[in-house]
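Protein sequence lines correspond, in order, to chains A and B.
Sequential numbering of the first sequence, starting at 424, is according to our numbering.
Sequential numbering of the second sequence, starting at 28, is according to our numbering.
I should point out that these hints are in silico values taken from the structure, not numbers from a laboratory.
Errors might be hidden in some of the hints.
[As the list claims (entries may be wrong)] Chain A regions said to be covered by chain B (calculated; three or more residues, Cβ under 8 angstroms):
| # | segment |
| --- | --- |
| 1 | 477-490 |
| 2 | 645-658 |
| 3 | 722-730 |
[Claimed, not checked] Looking from chain A toward chain B, a few residues come up when the C-beta cut is under 8 angstroms (computed):
| # | residue |
| --- | --- |
| 4 | Asp-605 |
| 5 | Thr-607 |
| 6 | Ser-683 |
| 7 | Gln-687 |
[Claimed, not checked] Listed below are the simulated EDC-like cross-link pairs for lysine to aspartate or glutamate, each with C-alpha atoms no more than 20 angstroms apart in a straight line:
| # | chain 1 | residue 1 | chain 2 | residue 2 |
| --- | --- | --- | --- | --- |
| 8 | B | Lys-248 | A | Glu-725 |
| 9 | B | Lys-37 | A | Asp-671 |
| 10 | B | Lys-180 | A | Asp-720 |
| 11 | A | Lys-654 | B | Glu-214 |
| 12 | B | Lys-48 | A | Asp-661 |
| 13 | B | Lys-224 | A | Glu-725 |
| 14 | B | Lys-248 | A | Glu-666 |
| 15 | A | Lys-684 | B | Asp-123 |
| 16 | B | Lys-240 | A | Glu-643 |
In this text, all values refer to a predicted model and were calculated from it rather than measured experimentally.
Virtual Cβ for every residue (Gly too), placed ideally from N, Cα, C.
Okay, here's what each chain looks like letter by letter:
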Amino acid sequence: MKLQAQYNKISIASTVLVLLIAGAGYYFLLQYVLKDQLDETLRVEQVEIQDFVQTNHLLPPATTYKDQRIEFKKTDKTFPQSIKTLMLYNADEKENELSRQLDFPVEVNGQYYIASVTKSQEATEEIIGVILLITLGLIILLSILLFFANRFLVKRLWKPFQTTLSSIKSFDLNAPSAIKTDKTTIHEFNELNENVSMMTERVVKDYLSLKQFIDHASHEMQTPLAVVNSKLDVLIQDPALNEKNLQDLQVIYDAVDKMSKLSQSLLLLARIENNQFSEKQEVNIQLIAKNIIQELDEWISERSLTVNNRINDLKVNMNPQLANTLITNLVINAIKHSNKQGNILLRSDKNTFTISNPGTQTLNKARIFDRFWKSEYSDGTGLGLAIAKQICDHYGFLLQYDFKERTHHFSIIF
Amino acid sequence: MKLLIVEDEKELAASMVSYLKNENYTCEVAFNFKQALDKIETSDYECIALDITLPGGSGMQLLKELKNNKKTDGVIIISAKNSIDDRINGLRLGADDYLVKPFHLSELAARINAIIRRKMYNGNNIIRFNEIFIDTLAKEVMVKEEPIELTRKEYELLVYFLSNQRKVISKNALISHLWSQEMGTGESADIIYTHIKNLRKKLHEKGCGDYIKSLYGMGYKLTDQ
């Protein structure tokens with residue numbers, strides 16, 4: 424839920440609740456006060472009647488005037504006065520009305536009478552109704568007002584935040600530009616902007632130093648390897664070397680080759696991670712696969728493998744160098760791990776590339792793309808499939824492994 | 028012919044000199060930017076092997092210097108950086124080739140030879156070794172004036188051997204020269220062996236001497252001695 428909606432919900436709910444409670448309280452208070460006032464007029468009437476009886480020794484005439492009615496009824500004995508609310512028929516309005524009635528005893532020449540003074544409560548009820556209506560109207564009006572005011576106000580208040588947010592969203596480490604912020608008087612936003620700017624500056628700096636570190640690591644590792652290699656190249660020129668010496672030198676050569684390949688692969692992984700292959704263009708997987716198979720032709724025939732290339736036109740938007748590495752690594756993997764005389768099948772459909780090669784048992788699905796994970800028969804660096812996975816992750820492609828009917832299947836879903 | 032090696036790693040420079048110098052080539056060495064600049068300004072070289080990261084300046088700066096002075100020295104960049112940007116930058120600044128460390132000295136020699144051949148137009152795109160004659164422009168090989176049909180890999184191997192005459196070339200150097208990626212060392216060795224066997228057979232059929240010698244399978248050497 425948006426902050427604004429959340430805020431609106433709370434503020435409107437609390438306003439309505441307060442107004443409802445206040446309205447109810449107001450209603451009961453008003454009813455009490457108005458009833459009290461009504462009772463007071465009834466008592467004034469009582470005093471007037473009692474005064475009249477005392478002075479004239481006869482009952483005043485029973486009257487019905489507007490909403491007030493005075494009646495007398497004979498009774499045997501005196502009784503305590505009482506006041507009550509009842510429904511009475513109003514002849515003028517032709518309807519039952521809520522009324523307040525005061526009964527009290529009057530004695531005229533030894534005869535007791537029940538004097539009833541009745542006053543309609545209708546007017547009071549009307550006032551209360553109107554007040555209630557006004558209160559309700561106020562609640563609705565206030566809610567609507569609050570809703571729009573909040574919308575407008577909150578939107579304006581949050582504008583600097585939105586600006587900062589969209590600037591962060593469009594931030595690209597490969598083309599870093601300063602985070603754009605709005606000038607604001609709000610302390611929290613200023614603090615946010617300051618810290619975001621500081622953070623991005625630090626990230627850019629770290630990223631640059633990481634890039635530099637990769638460059639330096641590459642230089643620092645390759646140069647000693649170059650020294651070893653060059654010394655070996657000079658050393659084997661020595662005619663005094665015997666077969667045993669040369670075999671040992673061969674082992675050193677192979678180790679240096681492997682180390683150099685390892686460091687190249689690690690650097691490649693780091694460079695993909697650091698997004699250093701940002702250049703993109705449309706590449707044709709069909710063409711790439713064809714070229715790779717041609718290039719690896721000698722190994723394919725050396726292992727007496729057949730390659731069935733059924734790749735159709737498949738165009739993907741990515742870095743051409745990485746596309747080549749991705750397909751090469753998968754093809755090499757298939758060649759290396761096929762039984763002799765096996766058949767490697769490459770196929771594609773609209774957005775999928777699949778390479779299949781025969782095998783005897785399933786590989787560890789959970790670990791197959793891990794760095795340095797190797798099956799026990801592999802003599803590689805253990806980075807080929809990890810690099811393929813990293814490239815797919817980089818572009819949001821899905822790289823899947825499956826083992827079905829004694830065949831390994833590697834699929835890329837672009 | 029004079030070569031200049033600009034490389035701050037002294038041991039690497041020493042190996043390069045030891046491998047490259049022969050009856051045809053003399054080698055000079057510069058270990059830093061200033062030495063290299065002095066040498067470039069005072070003499071002309073057939074080819075300069077140039078490291079990019081140098082104490083006191085960048086090899087790229089030296090390239091610009093050469094270009095500004097309208098020098099025609101061939102240049103091969105030897106860099107630890109395997110980055111496309113660097114490669115493109117170097118070639119745009121007038122370098123002829125780009126070699127990534129670590130490399131084999133035989134590869135360096137082959138590439139320097141190729142640069143020098145290209146620089147000298149007067150019929151020097153020709154390699155000659157006794158009865159073997161190669162026109163590298165037409166990619167034609169003749170033995171005793173008779174053309175000989177070679178596959179692309181056999182041709183590459185022969186040129187590589189002729190660029191490293193009388194030197195032992197390791198199997199690893201041959202593999203990395205012929206293929207940009209390697210499968211397994213064992214199989215690559217088998218394939219190399221097959222190619223060399225076929226090359227020797229084809230040369231022998233035309234009455235060419237058997238110049239390619241094997242050193243217990245770990246290396247090969249083309250020699251007439």
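Evaluation of the provided hints:
1. 477-490: violated (count 0)
2. 645-658: holds (count 12)
3. 722-730: Holds: 3 residues of the segment 722-730 of chain A have a Cβ under 8 angstroms from chain B.
4. Asp-605: violated (37 angstroms)
5. Thr-607: At 41 angstroms from the nearest chain B Cβ, A:Thr-607 fails the 8 angstroms test, so the hint is violated.
6. Ser-683: It holds, given that the least Cβ distance between A:Ser-683 and chain B is near 5 angstroms, below 8 angstroms.
7. Gln-687: Cβ of A:Gln-687 sits 7 angstroms from chain B, so the hint holds.
8. B:Lys-248 x A:Glu-725: Between B:Lys-248 and A:Glu-725 the Cα gap is close to 25 angstroms, so the pair fails against 20 angstroms, i.e. violated.
9. B:Lys-37 x A:Asp-671: At roughly 25 angstroms apart (the allowed maximum being 20 angstroms), A:Asp-671 and B:Lys-37 break the hint.
10. B:Lys-180 x A:Asp-720: holds (12 angstroms)
11. A:Lys-654 x B:Glu-214: violated (25 angstroms)
12. B:Lys-48 x A:Asp-661: holds (16 angstroms)
13. B:Lys-224 x A:Glu-725: Holds, at about 15 angstroms.
14. B:Lys-248 x A:Glu-666: Satisfied, since the Cα-Cα distance of roughly 15 angstroms is no more than 20 angstroms.
15. A:Lys-684 x B:Asp-123: The given pair, whose Cα atoms are some 25 angstroms apart, is violated under the 20 angstroms limit.
16. B:Lys-240 x A:Glu-643: Between B:Lys-240 and A:Glu-643 the Cα gap is close to 36 angstroms, so the pair fails against 20 angstroms, i.e. violated.
The structure does not agree with the numbered hints 1, 4, 5, 8, 9, 11, 15, 16 stated previously, though it agrees with the rest.
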